[in-house]
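Colleague: The primary structure of each chain is shown beneath.
4 protein chains.
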Amino acid sequence: MSSRFGTLLNVSTFGESHCKGVGSILDGCPPGMPLDESDIQPQLDRRRPGQSRLTTDRQEADQVTIFSGVENGLTLGTPIGLIVYNKDQRPGDYREMSKIPRPSHADYTYQMKYGIRASSGGGRASARETIGRVAAGAVAEKILRLGCGIEIVAWVSAVNTIAAAEADVHTITRDMVDTNPVRCPDPDAARRMEALVAQVKEEKDSVGGIVTCVCRNVPAGWGEPVFDKLEARLAQAMLSIPATKGFEIGSGFAGTRLRGSAHNDPFRAAEGRLGTVTNNSGGIQGGIANGEPIVFRVAFKPPATIGLPQKTVDFDGNPVVLEAKGRHDPCVVPRAVPIVETMAALVLADGALRQKAIMGFDHLRRSRLGGD
Amino acid sequence: MSSRFGTLLNVSTFGESHCKGVGSILDGCPPGMPLDESDIQPQLDRRRPGQSRLTTDRQEADQVTIFSGVENGLTLGTPIGLIVYNKDQRPGDYREMSKIPRPSHADYTYQMKYGIRASSGGGRASARETIGRVAAGAVAEKILRLGCGIEIVAWVSAVNTIAAAEADVHTITRDMVDTNPVRCPDPDAARRMEALVAQVKEEKDSVGGIVTCVCRNVPAGWGEPVFDKLEARLAQAMLSIPATKGFEIGSGFAGTRLRGSAHNDPFRAAEGRLGTVTNNSGGIQGGIANGEPIVFRVAFKPPATIGLPQKTVDFDGNPVVLEAKGRHDPCVVPRAVPIVETMAALVLADGALRQKAIMGFDHLRRSRLGGD
Amino acid sequence: MSSRFGTLLNVSTFGESHCKGVGSILDGCPPGMPLDESDIQPQLDRRRPGQSRLTTDRQEADQVTIFSGVENGLTLGTPIGLIVYNKDQRPGDYREMSKIPRPSHADYTYQMKYGIRASSGGGRASARETIGRVAAGAVAEKILRLGCGIEIVAWVSAVNTIAAAEADVHTITRDMVDTNPVRCPDPDAARRMEALVAQVKEEKDSVGGIVTCVCRNVPAGWGEPVFDKLEARLAQAMLSIPATKGFEIGSGFAGTRLRGSAHNDPFRAAEGRLGTVTNNSGGIQGGIANGEPIVFRVAFKPPATIGLPQKTVDFDGNPVVLEAKGRHDPCVVPRAVPIVETMAALVLADGALRQKAIMGFDHLRRSRLGGD
Amino acid sequence: MSSRFGTLLNVSTFGESHCKGVGSILDGCPPGMPLDESDIQPQLDRRRPGQSRLTTDRQEADQVTIFSGVENGLTLGTPIGLIVYNKDQRPGDYREMSKIPRPSHADYTYQMKYGIRASSGGGRASARETIGRVAAGAVAEKILRLGCGIEIVAWVSAVNTIAAAEADVHTITRDMVDTNPVRCPDPDAARRMEALVAQVKEEKDSVGGIVTCVCRNVPAGWGEPVFDKLEARLAQAMLSIPATKGFEIGSGFAGTRLRGSAHNDPFRAAEGRLGTVTNNSGGIQGGIANGEPIVFRVAFKPPATIGLPQKTVDFDGNPVVLEAKGRHDPCVVPRAVPIVETMAALVLADGALRQKAIMGFDHLRRSRLGGD
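Residue numbers (my numbering), protein chains in the order written: chain D, 1 to 372; chain U, 1 to 372; chain S, 1 to 372; chain F, 1 to 372.
Please note that the accuracy of each hint is not assured.
[Claimed, not checked] Result set (DSS-like, lysine-lysine): computed pairs, CA atoms no more than 30 Å apart in a straight line:
1) Lys20(D) to Lys142(F)
2) Lys325(U) to Lys311(U)
3) Lys142(D) to Lys311(D)
4) Lys311(S) to Lys204(S)
5) Lys87(F) to Lys20(D)
6) Lys142(S) to Lys20(U)
7) Lys20(F) to Lys142(D)
The set of hints was computed from the structure by calculation and includes no laboratory data. Bear in mind that the values here come from a model prediction, so they are computed numbers and not experimental data.
Construct the entire structure; sequences and hints are all you get.
Modeller: Here it is in structure tokens:
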């Protein structure tokens, strides 16, 4: 189960940094939907390294191939294979493998879990694993957009101590987000963030940040009660992204400092349904969407791989000083934006199918309210 | 799937507020473990309403019955049925059912999802649903304690704007937590919290808070990579608890404001393994436990049901003023402490079984490091 | 997972022979459906012991209680708890527990798997476990009947060497099946079967038999390709019933002796769809229903518990002669009829929900055939 | 779920006949096991078309590539990607797509389920889908062989009306099976089968048959009670193979004609455990292995695609005569042998991991029998 996510629409990812490639199988996509690589590539391009001077200098094209499940431009309803071939397919020689577990990396824990680990590049703990999710999630985004008019937009709302001005969740678009390489729609904050990331990169250090995400037009009624609450699945999805340390929905941690009388979202009549006057709930009540924008925030720690010397120990416990070589991201949040969006899409599209299953039996119902 | 959690050790909950009862089925418990109701009742007692003047005045004894899966005091390896009978089993008459969805409650979303909802008490969205989880999680706690010496302790670290002094995660115990009804181990903060809750109750309003939890002695290697990362499953578990709005592990949102050089946890030689000098990772790296204490925090919003008048609309969109009657919790965090602990236990015990499955094939391995 | 079956509509069973009771949780039932105990009890009555002189003389009323998930006579969409309380809740003292594993029983294998086993009555391997399935499956039958007009009828087609004349799968009803206690619609064969069972009971021996089942009006398109093929899930469902040794669909094993030119089912125009001239496929092609009656057969071995002396060994390997005491079924197939029907209903109703999920996205499709 | 099988060790297959390729992801393989393509290719070679004059004349090399999850010849514990690239990757033009659903094929049912289908080659209903299973199952076979000394051998026991002499399940080997192209260890029957298949091929017709399979050295205790009984999972696995119509374990359908006194398997003292004198149970009691050889039989219908003219109707209901062109198998059972073996391996290896998970908690147990 460890590499699989979702009930009806589900994704299984595979691949390490230096094997033949990375990718995913998306199972459960509704049949007959137009789909080709151009639906998927844009989000992979927003995720790829080397896209701006804010990210790692490594250049990886990450071209996706639809391997199966689509014919003559239409989905067949069968598993959609999505593959990005690795350019460098030579794993390291394990005799030369580092004897030093990188601090705050997964080297040590993988070794303890498996008694073995990929010789280089972080294996499955590498950010490269997210390629399969982004590709599958881009398909989920299309299902949601075509099928239900849903829009998902994420952006960088903080880098280190620089917080952006609050964005308008009703109107923000990906175009507005992509006006600068840091993917922050507040131009002033974006400039300062950019400068900070450049400085930190120069200093061989790293910084963290926060990604905020809104999902608009999610129909009231999607989501499950109890363990598969929409916010619970979103939290799992987000905390499964490498380098994440926190998740909050609606009012989040700040909401703990409000009184109920201020925190509650009173209802109001909206077009054909009930809306809420405020949205401290973040669009979800009791695990189920209420029709308001779903808004959540994800905390990303500063990347663990830094060029600065670190005092640590090797696998045998001997003191060493580690200085990471190579080209690494000084800040991951700009590249995390499409990962957050596509993971949210996977959660919502699975919820969509599960709700369709129930609604297929509408004629069984004897409703209690309204026309009964 | 909506009412089930876990892969090998898994719990299914059932029951509404006014049906015959609430409870759960715990499947996958290792056989031959001593178990009786006295292993489970203490956590239910810490969860039950009416236990102090800080909680609702409703008195519910919530006595658990082990229904199946245990014989002569030993688990059989078969599904353990856990039931708490409801005292009041009369559902409301749906003709008298409220036409007003309570703000920030699940009345509206359940109605939109199902076209029907339990007539009173919140149905499955009620906190009463958590009884089944706490009962099952108390069994998981025993598996972890007997099988691996794991200790799980949660406490109230904030109520509204009152934050407790940082607790020592290595030494804090449930006894220390239970010295006051607010379950905050900082006596000074606890006094102020208690006063605030009493005042808010008087004012017919409510307040939120934060629960912090530590899991000690979790062996390095437990947890899964990718979607079932230990922090991802913990996040799902916590966000599935009613009234939660956020989750953070280790440094959490505050960690986004540190540089990598300050945030990284250097390794040090510990007894027979590697430890870390700091614990910003919160005991988990790449989804897998590293042997340090697992530390996380959960945000609870102020309860939605308050006696103060609220301007809202009814199901038909007509403006109304709602004043909730009845006895409700002004603050849920003291009662949430055992829920957080037992949900964490369910996550860890499932991870334990999954790791045992891999370790059963140790003789297959040709290790790369150490003796090879 | 061991006690759970189904993806969207799923059942978890629990309970041993001498614990508080047996039952199941049915999760995923569409909301708003009228349901009360009288929908469930008839199939339990057809399953219960002591209903005729052909079965064990033990009398068990097996009255079902709907524990949760239904209010004011309508399903809520939440987990439906179904419980039958055990009359005799005293487990045996394990010091008196039999040291002799019964031949062809699960005593030995449970002991080897768990290192422990229920002290009497067979525990989870007891036919009593099927109560939870039958109760849940009776609800599934109602979903299928109300929602889609599906009819499921099973009957005894053979007892030992006595085979019934072929029944007409298009017209056979449960009333026709229940005209005699052996549940065989061929009156002449039924008389001979009845006589044989009576004789075998007298001789303290047992006999096996075959149950045939038809599911009518299953819409073309239900079912999944690959591992969850409709016939694969039916096979799993049937082989999970105690005492079953075989499953065949359509032409089954006899079909292996036909040539393709004789075995193929040519299509013909039917009302608004394509039908087939013959039905060697048994209503399923490639795992997916084709709209024809689904017909399958299940082999039940002679019950293992017999009064005749058996030479065997005890757990320590010492030779013993075992003569089973008590009142046991000389032949299980008459009581197996409702178990086969309700398990089939669980498979089909889950398939129904899965197909509804896909069909909810029909507007996405650009069909290749017909109106395009 | 439709393309996934297994709980801890699980396989997901993907690919149609004319997409980029077919294959599978095997998740949950224990880490550190030596593995390369040469462990997998032999079973693919036994499955591939064109291997003898008994099969289709199509020549497909079906070379497997390990795509991920293995490094420097050792499994990493991460998902193992297994790919066979298709030679002909051009799907047909759907305007030229056949308007005639092939009798007893999945053309009609896929169209009804999905409203679309692969334009040629049968899509996912094609036998080509089994490549991914055989590749993954070959890895499972290695886990079982290295980890537990388990041997799995299948063979053709009947073709049409020609039945082979009963084989000795304790001694039969794959070498004995592969001495002739029909894979029947009875040389006399094999000769007659071979002649029949050649004749039927000449006549443009087809024949079915039966594959028998034995799994030796499966430890007592593997398997799950209730829905995941070992025989239930084997039945699902076998009925998920294209063209299968039946499954029986141990005495099977013939066992229904025995009395209990003849059918029961008395225990006897074996080396360090209990064995049984006879094996009508087929190595499984109550869903759990008893240590005896697991023996089951699978019925395969005659292939549906035949060159003889068939009177049928097109999708619009118009009468047509269909004569299939191309090169098709006159009999699938020789090629089905490795599919049956590898599917059995997937079931058993998943059961192995699940049992290891329980056994990891052995120190919790207070055993009732033996040393207590």
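Colleague: Confirm or reject each hint.
Modeller: Status of the hints after comparison with the structure:
Annotation: proposed proximity of Lys20(D) to Lys142(F) holds, straight-line Cα distance about 22 Å (limit 30 Å). Only pairs whose Cα atoms come within 30 Å are accepted, and Lys325(U) paired with Lys311(U) is accepted, the gap being roughly 15 Å. Taken as a hint, the Lys142(D) and Lys311(D) pair is broken in the structure, with Cα atoms around 47 Å apart against an allowance of 30 Å. For a cut-off of 30 Å, the pair hint linking Lys311(S) to Lys204(S) stands: about 15 Å separates their Cα positions.
Pair hint Lys87(F) plus Lys20(D) holds up; C-alpha atoms about 19 Å apart against a cutoff of 30 Å. The straight-line distance between the Cα atoms of Lys142(S) and Lys20(U) is roughly 22 Å, inside the 30 Å bound, and the hint therefore holds. Annotation: proposed proximity of Lys20(F) to Lys142(D) holds, straight-line Cα distance about 22 Å (limit 30 Å).
Violated hints amount to a single one, hint 3; each of the other numbered hints is respected by the structure.
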